[in-house]
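Student: What follows is each chain in one-letter form.
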Amino acid sequence: MTVDTLLAALGLIADPQVLIVILFASAFGLFVGAMPGLTATMATALLVPITFFMPPIPALAAIVTASAMAIFAGDIPGALLRIPGTPASAAYADEAYAMTLKGQAGTALGAGVVFSAFGGIFGTVVLVTAAPALAEVALAFSSFEYFWLVCLGLSCAVLIAQDSAIKGMLALFLGLAAALIGLENPAAVPRLTFGTTELMGGIDMIQAMIGMFAIAEVLRAVAATGTRLPPPRAVTGAIFAGQWELMKKYPVQALRGSSIGTLIGALPGAGADIAAWITYATSKRFSKEPEKFGQGHVEGIVEAGAANNAAVSGAWIPALVFGIPGDSITAIVIGVLYLKNVIPGPTLFLNQPQTVTALFVIFFLANLVMIPFGWLAVKSARRILAVPREVLMPIVLMFCIVGAFAVTNSPFGVGVMLAFGLLGFVMEENGFPVAPVILGLVLGPMLEQHFVTSMIKADGMLLGFFKRPIAAALGVVTLLVWGSMIWRGLRALVRKAA
Amino acid sequence: MLKRRDVIKSGAAAATVAGLGLKGAPAIAQAWPSRPITMVVPWGAGGGTDQTARIVGTLLEKEFGQPVNVVNRTGGSGVVGHSAIATAAADGYTIGMITVEIGMMHWQGLTDLKGTSYTPLALMNADPPGVQVKADSPYKSVKDLVAAIKANPGKLKGSGTGQGGIWHVALAGWLQAIGLKADDVPWVPSNGAAPAMQDLAAGGIDVVTCSVPEARAMIDAGKARSLAVMSPQRNPAFPNVPTLKEELGTDWTLAAWRGIAAPKGVPAAVTDRIVPALKRAHDSATFKDFMNQRGFGMVWGEPAAFAKHMADDDAKMGVVMKALGIAKT
Amino acid sequence: MRLDDRLTGALLLALAIALLVYAMGLPPMPGQRYGAAAFPTVVALGLGLFSVLLIWQGWRTRRPGAPLFAWAGWVKDSRNLGNFLLSLALVGVYVAASDKIGFIPLSLAILFALFVRQGVTWGRAAAIAALATAAIQYAFASLLRVPLPRGLLDSIL
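Just so you know, the sequences run in chain order A, B and C.
Note that this note's numbering numbers the first sequence so that position 280 is 280, with each residue one more than the last.
Heads up, this note's numbering is the position in the second sequence plus 1000, with the first residue counted as 1.
Heads up, this note's numbering is the position in the third sequence plus 2000, with the first residue counted as 1.
Hints were generated in silico from the structure; no laboratory data involved.
Being a predicted model, the structure only gives us computed values, none of them experimental.
Some hints could be false.
[Unchecked claim] Beta-carbon label-pair distances, calculated as ranges:
#: 1; chain 1: C; residue 1: G2092; chain 2: B; residue 2: D1136; range: 56 to 64 Å
#: 2; chain 1: A; residue 1: E291; chain 2: C; residue 2: M2024; range: 37 to 45 Å
#: 3; chain 1: C; residue 1: L2068; chain 2: B; residue 2: R1035; range: 54 to 62 Å
#: 4; chain 1: C; residue 1: A2127; chain 2: B; residue 2: G1109; range: 50 to 58 Å
#: 5; chain 1: A; residue 1: S380; chain 2: C; residue 2: Y2138; range: 49 to 57 Å
#: 6; chain 1: B; residue 1: T1087; chain 2: A; residue 2: L376; range: 43 to 51 Å
[To be verified] With a straight-line cut-off of 30 Å between C-alpha atoms, the simulated DSS-like cross-links for lysine-lysine are:
#: 7; chain 1: A; residue 1: K467; chain 2: B; residue 2: K1140
#: 8; chain 1: A; residue 1: K249; chain 2: A; residue 2: K292
#: 9; chain 1: C; residue 1: K2100; chain 2: B; residue 2: K1114
Here a beta-carbon is modelled for each residue, glycine too, at the ideal position from N, C-alpha and C.
Can you build the whole structure from these sequences, using the hints too?
Tutor: As structure tokens, this is what we get:
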């Protein structure tokens, strides 16, 4: 990148239209991300028809800004109401809500804003400096490598489960079982559909998530109208106070979350949600005080909050270098790029350096404006805690209904939400964590896909899973992690018995 | 969740963004359409079908002065969305983009729906598959590839879509047409063409039969090569890639198509207005630019031609799918 | 509804066995060794294994005299139980009837019913229900183009 291209790029962005688009796209992304059921992907898809009528730079600015904002905004209802706004916030919604109950909503959300921006900027720096090399690595992943990656992701269920590893695993397997429903399996055989067309589509992860988190929460609230719950509206504290201290206290966590997030984002077929799960688990695994996790401890939010935004930037790496989407957002982006005659591929960096540079600058801008916008959003949103529960909860219920409907545009989806809400309610009453169910729903289809296709490719030889170098390394790491988990579990049992 | 005031505030912001281009022309005083039209897409947001539908939707919106809402009804490998189009009210306010799978799903026993379950309106697009291999693979031509398959049946693995999907049929039908067995190249099911192309580049599989636009990113990136295309003519975007007929003398061709259809029994007053509007959309510069940009093939079919096309396609699919052992009927 | 771990484990074990039986009935993938049944079998076995572990754990930590099954405290309060069942029923009604009746009337009715039931005054309940419904309809149907069911108001909207 020469100074000339940088100046030319800045010229493209200094256009008032671009700046106005960034402002509106920020507000739009914040709104969509904060609504359960409306995801960052949906925000992008909704922007597409509008970008038809824009020049390339504002069109890309709208998408970059809206998607980054939406991923952060998912944290807001997660912390305030224990209802993650997007799947990427589900991993640490419980933790953030626990902080709110302790009167630390400001710190939780402030960490969300600051470390989301940190992760996003880190991902952008990687995008600018190492995109071609990283894209090569990402493209070397075949089903064998993905299989091990998914297995590694599954072990998060044990780390996330706070009280009982057995109940965590059972919740995970319930999620995997729910993921069996439908037609979209490698054999294309309808399973557990009971003859209905609607169930052929399977259980949508977002509808299930709204049910397990939001509906279960509404049910808990209406079932406790008489008893005064401990009001979660204690002092919420300043938003940015103490964030610098957090940065100094957890630099490793922030960097580790950002690096893992960028890498996972760059892999086609794994995105911000998986990045958040894995980094929340690594944060707990390597923490000096893992016992505090789940009690309202900010460390995991720092790492996973940085990771999901880093993944959003990381997903652009293969998208720009090869035209291969890194996640569902960039899948849509590539269509827009073609439409705007910005053809992604290795030649893009040679042929249109100003456009690429302008795009990079937009990434930095989007993640920087996240700080003031995030502050405004958090400041106005946390007043929600002052709304009486008897008014708030029915409105939340209505938003959930509409949000679940919007995912598949069918009332059946609202039914799925209701069923999972009831399941989540019963599970919670019996001490089962609900988050692993969502993890199972996310990873189940991927696990089956990569397992079955790998077995076909290897002609049924298990050795095939260790034949390729990256696969072998990932496989060994996975087996070591599992081995250490089983070892700890056994030791705990023996100690209890003694 | 935000407070109501913020909902309205950010709503207003989004409205301004939307206002940049959407709600335009005033409503025309005409019987149909007097309110928004819904266009159902049986596939996910951002894919080729979705993008084509959104372009057509935007153009129809200009034609009619009524919003055309593109609605994705995904899942069940297209079954859910196709059945949503067929079972919608036949008042012309719900139309949909149907795809080649409508002639395939009923053979697998997944649904009773066929092409005849709809009022065909217009065939808009068709993309033939190419035969892609990894850039550094030893097969320089499709003849080399066939020789390798013959020498070692079952060793090379193919992919491109799910089990029994259109590109699976493309590969199997081709193998049969040149006198090989349908499963001489075992099929590795994938979630669509993009993951299959990535797996090809990663060295996980040996051959991908998917449409040329789907393979284009990897070919342009120098990660894959296209050996042949299964169509009567060469693709203008890739003039150096020969047809199967040129290389092997077989007449096997196939294409994944997309068209607009309405539920059965839509009044003639509606079809009389919408078919010419679709024709104008198909011929418009916007549509052409978009399709050429993405490398999608443009085909136009009037309702009658579209119906015949679907019937021919259906019969062809039946033959190959029975040979593959995936047809139930 | 609080179940003893032994009872929960037994129920989940039954689910695992049912899933296993179901998986054995799934057709093979033509020409391939691993088909539709492979993954459900693995899931069923995993679910079964951890169910057995849960039963075992429940057995070791059992307290004499503790019931296998008990209702949670809130169920005994008829007002709370009513609220709970009403919420479920209203969402159920929405699933069944939204296509026919439409979003706006149902949203008004659901919100109003839940507000009043939880002690909000009639006037306030009606006002907030109307405002919230209008806001959702505007934000989702008009701006975000979510095709909320139009139902009875089809000709007016």
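Student: Could you work out which of the previously given hints the structure breaks and list their numbers from low to high?
Tutor: Violated: hint 5 alone.
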